[in-house]
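Engineer: In order, the protein sequences belong to chains C and Z. Counting from 1, one number per residue, gives the positions in the first sequence under this note's numbering. Counting from 1001, one number per residue, gives the positions in the second sequence under this note's numbering.
For the record, the hints were derived by calculation from the structure and aren't laboratory data. Treat the hints loosely; a few may be bogus.
Simulated DEER-style distance windows between Cβ atoms [what the hints assert, rightly or not]:
1. C:P223 x Z:L1086: 37 to 45 Å
2. C:F39 x Z:L1128: 26 to 34 Å
3. Z:T1246 x C:A335: 49 to 57 Å
4. C:R537 x Z:N1098: 28 to 36 Å
Below, a list of computed lysine-lysine pairs in the DSSO-like style, where the Cα atoms sit at most 27 Å apart [claimed, not checked]:
5. Z:K1134 x Z:K1076
6. C:K83 x C:K157
7. Z:K1083 x Z:K1072
8. C:K152 x Z:K1120
9. C:K220 x Z:K1072
10. Z:K1120 x Z:K1134
11. Z:K1156 x C:K220
12. C:K157 x C:K220
13. Z:K1135 x Z:K1156
14. Z:K1135 x C:K220
15. Z:K1156 x Z:K1134
16. Z:K1134 x Z:K1083
We put the CB at the ideal spot given by N, CA and C, even for glycine.
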Amino acid sequence: MTTDTTKTAEATLAGETSRTTVLRWLTALGGLATIASTFLSWTYTDEFPGDLTVYGYPGGLQVLTLVAGLLVTLYALASLDIKGLRWLAPTGTTKALRLLTLGALGTTWFTVIAIAVELGGVVNLEPGGFVAAMASAIPVATAFMLADDTRKARRAKELPSWAEILIIVAAFGVGLFAVTYGIDTEYAELFTGYMITAGFAAAALFKAGVMARLSALTTKYRPISVAAAFVAAAAFPFTQTTDQFTLIAVNILIFATVALGLNIVVGLAGLLDLGYVAFLGVGAYTAALVSGTTASAFDVEFPFWAAVLTGAAVSLIFGVVIGAPTLRLRGDYLAIVTLGFGEIFRITVGNLDGVSGPQVTNGPNGIPNIPDLVFFGYDFGESHSIGGFELGSYANYYLLMLLAMILVILVFSRAGSSRIGRAWVAIREDETAATAMGINGFRVKLIAFALGATLAGLAGTVQAHVQSTVVPEMYVFAGPVPPNSAFLLAAVILGGMGTISGPLVGATMLYMIPAKLQFLQDYQLLGFGLALILLMRFRPEGLIANRRAQLEFHETDQLDVPEEGLPSSGVGVAKAGA
Amino acid sequence: MNDMTTTTQNTKTSTVLDASGVTMRFGGLTAVRSVDLTVSAGEIVGLIGPNGAGKTTFFNCLTGLYIPTEGKVTYKGTVLPPKPHLVTQAGIARTFQNIRLFSNMTVLENVLVGRHTRTKEGLWSALLRGPGFKKAEAASHQRAMELLEFIGLQHKADHLARNLPYGEQRKLEIARALASEPGLLLLDEPTAGMNPQETRVTEELIFAIRDQGIAVLVIEHDMRFIFNLCDRVACLVQGEKLVEGTPETVQGDERVVAAYLGTPFEGAPGGEEVAEVEAAEAQSTTSTTSTEGETQ
Ligand SMILES: Nc1ncnc2c1ncn2[C@@H]1O[C@H](COP(=O)(O)OP(=O)(O)O)[C@@H](O)[C@H]1O
Ligand SMILES: [Mg+2]
């Protein structure tokens, strides 16, 4: 009897194992087939953007399919426990494989369907296209037949520290390459394919536990990681041959910097500021008025450092003036007042045109011809050659804006992990308890609000020079072009409240999507609404969760800690407590 | 200081808290009616009374969460300012009946927030991170860890407060209050929801707090607990102070028993039964009501 059952169990087990192995091999083969298909021609004409007609080497969207197929193959091989690939999946391969195969399928089918739709019919597909569609579908089927093998992360192998540092550097290199690729995509189809591939790949890397291991490494070598991140960010303009995409990158930096400032107000102190972009506008208009442009009502020309300080100071004053009366009250007053302030700012600036009011801002026409910055004879408006690289005008602004962002990050992280930062979070958590712990709620909230305003004003002073024109319509509550108050808030919520990388990721995505997918313009707000609803449902902590939020929304092992000394039976007498 | 007050204070041991004629009205409802209460240094004073008697409201009047309609509260001879954070600054710390931890902060961070009034590093020093900042931060951390050791939670310093079991949350609230270095600690039903073992540990904890020279005023329904613990007990019924005196006096007072049960009864266990019934009514956690009471 006993031996019988053991035997059957063993037999089933063996059958199970061999089935799993076969499925994994099939997945790997599917991945290989997908890779191979990208070397075929998918369509007859070169009317479809990117060159997909050539046999022998992949082009355009085929490259993305190639990358996706490569990842599928790698992970399928890793799931077969091939030596040297185990590090790819510390916490299990199946979930990652499912995501990756879906990514490959998505990218490939999107391409094939786009070809058929844009060129008018399936006839436009060459056999290669059909091969690709089939080849990318097989691994999806096999991956979803695999049993889940999620496990606790294995202990990382001990590596010498130079190897670990090398991994960090390589990771940031890959990150820079991936982001640069996205910014440099030249047509909407390629960007869509990029989003599909990158999205699924990133999710798969998280599921496989690679990201967790990487973040453990970056925590271990924090200074090096921070330096690597900034070097990677600063390297971006050197990868560009024209100014076209650098401008996008500058705008992303401005957006992200302002979103980070807003994250102090919203994410840390829990104050809902619906008119945040107005502070950006205050800074930008201040810088424009003192920039020496002929359109300015004031005939002054401040040096840039003085303009920055003035812009930040004026924003600070506005922040205090708006915050002081409203922050004394609890509840949603702040949201209403800031929403109102945002609109008042825009309308007032639009009316100070010499007709409806005194001539200060040129009304709806705005202040044009803001001169380029000049630092010690270094003209930001001109191209410079640095180390053999030709850097365009926007590259200068990119690097300047990067400095501004570093400053904001520094402020965020230092303030956040201090007495004042803890007070902000305490106020957000429970204002009554916080005041009972001796925190002056009004004062602490006003500091957060004013600090947020100041940082936005500071970013605005750079923005004025980048855009060389400021108009009231740049500072609306919601509009098609970020940054506006609604998008800023969305970037913070989408990315992850209370984190540094969250708003950066959120702002990057929210800027790139409308910039790259021009045809979406009309449906953008609808799309973001849907995206936010889905996000709230499936990942309420945002794409990047801070440690607190992670624990908040997804209970972890911590809960399982058994309480010691609890009586196993009998008299659990609870006292009254209502 | 004028001579009068000094002499009156010196006749007894020094008075920490002196509430006189405290009245709190909410519209037509008088939740607290002209209550006098003093707490002296090194004393543990109990405040009992049926649900809705106004005990928590009285606490709120002491800590500035409510501004009493009438009456005066002084702490060590000075009239208390009507703002909660200034009251804490002055030296009164409290816990809440329905636990109000910062649930998404870690255990350690909760205690660090409690140290807010005893540190003064502002935004600038946080941004510049000078040596003074680092020293103050390190000292705060050390003090907070000491407090966590004191309540026996040092091994959970990095856990989120919300993930702690109920009993530990109550203890953490006490540690957080102690972090503000109070001269008087107000505890609002510190053992509600605890099992007998935890209750006993809490009793020891409160004695240890008293031994550090902190006066304690505690609201509790558990009669055995309160009569073991307190030097003096006051009973509040419908907003008015019914009796005040040693545990024996209050325990034997028929009016107290009547107030709790509605009908006369002969001893303390009855109080416990009432407490249990109330516990069952109030949506308490896991209570298996036993008629026998605890077997201590
Ligand atoms: N903010 C308030 N507004 C109106 N009534 C209140 C308020 N706070 C407490 N009360 C009332 O005061 C009475 C005493 O409540 P409470 O002090 O919580 O009693 P206890 O703590 O003794 O159980 C109750 O009737 C309660 O409804
Ligand atoms: Mg109460």
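Engineer: Each hint needs a verdict: does it hold in this structure or not?
Structural biologist: So, going through the hints one by one against the coordinates:
no.	hint	verdict
1	C:P223 x Z:L1086: 37 to 45 Å	holds (42 Å)
2	C:F39 x Z:L1128: 26 to 34 Å	violated (58 Å)
3	Z:T1246 x C:A335: 49 to 57 Å	holds (54 Å)
4	C:R537 x Z:N1098: 28 to 36 Å	holds (29 Å)
5	Z:K1134 x Z:K1076	violated (33 Å)
6	C:K83 x C:K157	holds (13 Å)
7	Z:K1083 x Z:K1072	holds (14 Å)
8	C:K152 x Z:K1120	violated (43 Å)
9	C:K220 x Z:K1072	violated (56 Å)
10	Z:K1120 x Z:K1134	holds (12 Å)
11	Z:K1156 x C:K220	holds (22 Å)
12	C:K157 x C:K220	holds (15 Å)
13	Z:K1135 x Z:K1156	holds (24 Å)
14	Z:K1135 x C:K220	holds (24 Å)
15	Z:K1156 x Z:K1134	holds (24 Å)
16	Z:K1134 x Z:K1083	violated (30 Å)
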